[in-house]
Amino acid sequence: MENIREIPSHSTRLAQSHFRTLRLPSPFQPRIEALARTEDWYDWAGYKAPNSLWDSELEYFAIRSQAALFDISPMVKYRIEGPDAEACLNRITLRDVAKLKPGRVHYTAWCDDEGHVLDDGTLFRLGEQNFRLCCQERHLPWLLDSACGFDVRIEEETEAIAGLALQGPTSFAVLREAGFAGVEHLKVFDLADFLHQNGTVTICRTGFTGDLGYELFVETKLALSLWDRLWQAGEHRGLRAIGYQALNRARIEAGLIVANADFSTAGHALRADRVRMPDEIGLGFMVDAEKGHFNGRTAIIKARQNKTMHHVLVGLEIEGNIPAEHAIVYHRKKREVGLVSAAIWSPMAKRNIAIAGLSRPFGDTITDDLWVEIYAMRELKYERLMKRAKIVPRPFIKLDRRAANPPADF
Amino acid sequence: MFLGAYGERLAGASVAEQVAWKELRAQLVRYAGILKPMLSRRPPDLGGMSLAETSALGLTALSLKRLGKEDMRDFLRMLLMNVADVLDEQLEDDRLKGLLAFDAVLSSHLGPRSPTSLLGLYYRLTGELAGAPGAQIVPRGGMGQIAAAIASSAAKAGVIMRSNAIVNKIRIENGRATGIVLENAEEIPCGLIVSAIDPSTTFLDLVGPRELDTGFVRKVKNIRNQGNAAKLHLALDRPPEFLGVRAEDHRGRLVIAPSADHVERAFNPAKYGEFSTEPVMEITLPSLSDPSLAPDGACVLSAIIQYAPYRLKQGWDAGKPKFLKIIMDLLERYAPGIGARVRHAELLTPADIEARYRMPGGHWHHGELQADQMLMSRPVSGWSGYDTPVDGLFLCGAGSHPGGGISGAPGLNAARRILAARS
Ligand SMILES: Cc1cc2nc3c(=O)[nH]c(=O)nc-3n(C[C@H](O)[C@H](O)[C@H](O)COP(=O)(O)OP(=O)(O)OC[C@H]3O[C@@H](n4cnc5c(N)ncnc54)[C@H](O)[C@@H]3O)c2cc1C
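For the record, the sequence lines run as chains A and B.
Throughout the first sequence, residue numbering follows the working numbering, covering 1 to 410 in sequence.
Throughout the second sequence, residue numbering follows the working numbering, covering 411 to 833 in sequence.
To be clear, the hints were calculated from the coordinates, so they are not data collected in a lab.
Take the hints with a grain of salt, since some may be wrong.
[What the hints assert, rightly or not] Keeping only pairs whose Cα atoms sit at most 27 Å apart, straight-line, the calculated BS3-like set for lysine-lysine is: (1) A/Lys291 x B/Lys631; (2) B/Lys629 x A/Lys291; (3) B/Lys579 x A/Lys291; (4) A/Lys302 x B/Lys629; (5) B/Lys446 x B/Lys479; (6) A/Lys302 x B/Lys631.
This is chain A alone, in the form it adopts within the complex (with noise of 0.2 Å):
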């Protein structure tokens, strides 16, 4: 195994290195190796991470009845800094950052000139001029341009701050196990720093699962020594490491998307067709048109004017129980409308469940008669399978838990 290396926290302007090794280690390496009895790996921006340890079907169920752990590393990280982010940053992403209060986080997404979308992604406002932006892919030199003319600093530190996503039902208990006191106050986006060592985690209570969840950014010296902690607390409150096979089941019930699986990012698209708007993937809501100029306003309010945005994002239920993952949806089970981009069978909301692009009107307004066509794999014959498909609000699933003053301690 490659050893992991010490990247000092500050000196890392730009995640340079990551092409020298074919899959990077997280900084967690050593402890989800230990755990990898499927050795079920897959490249995550350039991390090897593990798609499932021990068995995905019971890690998703962790989730749903314990607490997980999720090592989020390979996320791609920016600090933004100054007198001007927050202005910086309102003028590249959709939403509000004005309105985003110094210790909250919110969910946002940015475009090109175009008004396509480049990522979404997850903005933390650690302090009055200090932001943490975590996302897909890589935007540093988007980014750095958006900047001209701001007092801001911009870096990315994706290799300097390690990540993990705790989620369940106890994983507030871990937590409070594991001594840190306070955290029962964080509300839903909340965050807050706790003392770690000698240094700090921060933590928020945000998550991908639509469960009662937390994640945790530290130093990556500290990495090792925070997931120690977080694992003895966890001994006897069912903690278990967990794939992302698991964690794609919890999201898909939730209702969340996932840049270049359910949507194409603009900077990944090669067909001019295969971009899309906000609106389109059912981020419209993000749009503050009135908060003065942002990238792609423009383009956004004028393809709203003209009604030319073509596609609509859409969860749907569909009859029987086999899984219609990229399906293609039909209306009067004869013209093509769309294709399914995630699909499951919901074992919490004993549903079969999916995310679907739409072609408008249709999933707009035209909803009714729609089919998915469904090639299951029976012993090297595919059985073909119309199945009916409804149109229904996203998220699938709805855990009071999550949201729960206090959370729930076990």
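Given chain A, put chain B with the ligand in place with the hints provided.
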């Protein structure tokens, strides 16, 4: 020596060379004629072209077809060639090639052997005076008279003009330009703003990046606009006498560019941020034709000198006296005794031109006029139609298609565009 509109006749060369030049000139004028509609009209907007515009482009295609197969092939072959290769193919006389090479690269960061340098010559030939392609004049009373003439006819039309009014800011409200703020903080509300200020200043300083999309700002920041030409003004006791130039020919344009290789060698240092040690130059003595420009018997000399890169490695404070000495030594070789007649000398480097005329980079085209910054890529791709991402703000200066020079073309195009948008 060139006579008439851009060398209609050639003197001082062999008979064979005269014939060769006549043929080459005819060919260049023919090809420039094809490009002309493109260079004078609005650049083709491949997306939203009106019928009239499409047919104008169609005309270009048609005139291409009319050329005949051989000629069309040659037109396309030569389009992006370097001027030195074209000249070497067809001419022998180094002096003639030097002159043509100089004209082709005038104002640009190109040497005669740089790809696409032939375009500069086409650009020159698409300009015309009274139907004579490539012809140029100096107006009586100097260039300033043009501005004065424009000012007086505008005043007659009821236009109120304000000079020495420095604009500090263009006000934007909800994506629309609503007014300007002057240096003295005075605000002038505007329904429409048409800016002849270069695109970089207009967008990066006056509008400001905050009101613009990142991709657009990126493009504007990438406009190459570093000038490479210096301007020399000399006030002389008496007219200079250039060796081998007849008295009456001193009224014309005198070019020091002994060969295409010489021009290329002059360019070499510019690539590395140094000025030419053997510069090339174009000299005029305007007071010979227009005595109003100098008191009795005296003479003014005006010269454009290349290459003088804007970003001089040693800095222009240190470099300027050295460069001036090089220029004066060179002039002394061609016009012995000129140095002793100088009463006053002024050398404007691109840095000086930038400061004096508020032209970032000191580039008189407000941005290099090269293939990648022409037509639909001028000033930046997607915005070559004089309109801008800001509603109510238009461009009309040298930074827009077709570029600088005292041609009025970008202004005329912009005015037409604005009027068309209104009706
Ligand atoms: C040394 C030299 C020699 C040249 N020789 C010739 C020649 O012989 N023949 C020829 O045809 N062309 C020549 N040119 C080129 C020609 O002068 C330019 O291309 C032409 O002037 C461009 O016209 P314009 O109106 O677009 O821009 P400019 O002439 O640059 O006009 C822009 C105006 O905007 C003003 N401005 C800028 N910022 C502000 C502000 N913030 N507020 C208010 N005003 C502002 C500037 O002061 C300037 O007056 C020469 C240029 C130079 C530098």
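Results of checking the hints against the structure:
no.	hint	verdict
1	A/Lys291 x B/Lys631	holds, 26 Å
2	B/Lys629 x A/Lys291	holds, 25 Å
3	B/Lys579 x A/Lys291	holds, 21 Å
4	A/Lys302 x B/Lys629	holds, 22 Å
5	B/Lys446 x B/Lys479	holds, 20 Å
6	A/Lys302 x B/Lys631	holds, 26 Å
Of the numbered hints given earlier, the model fails none.
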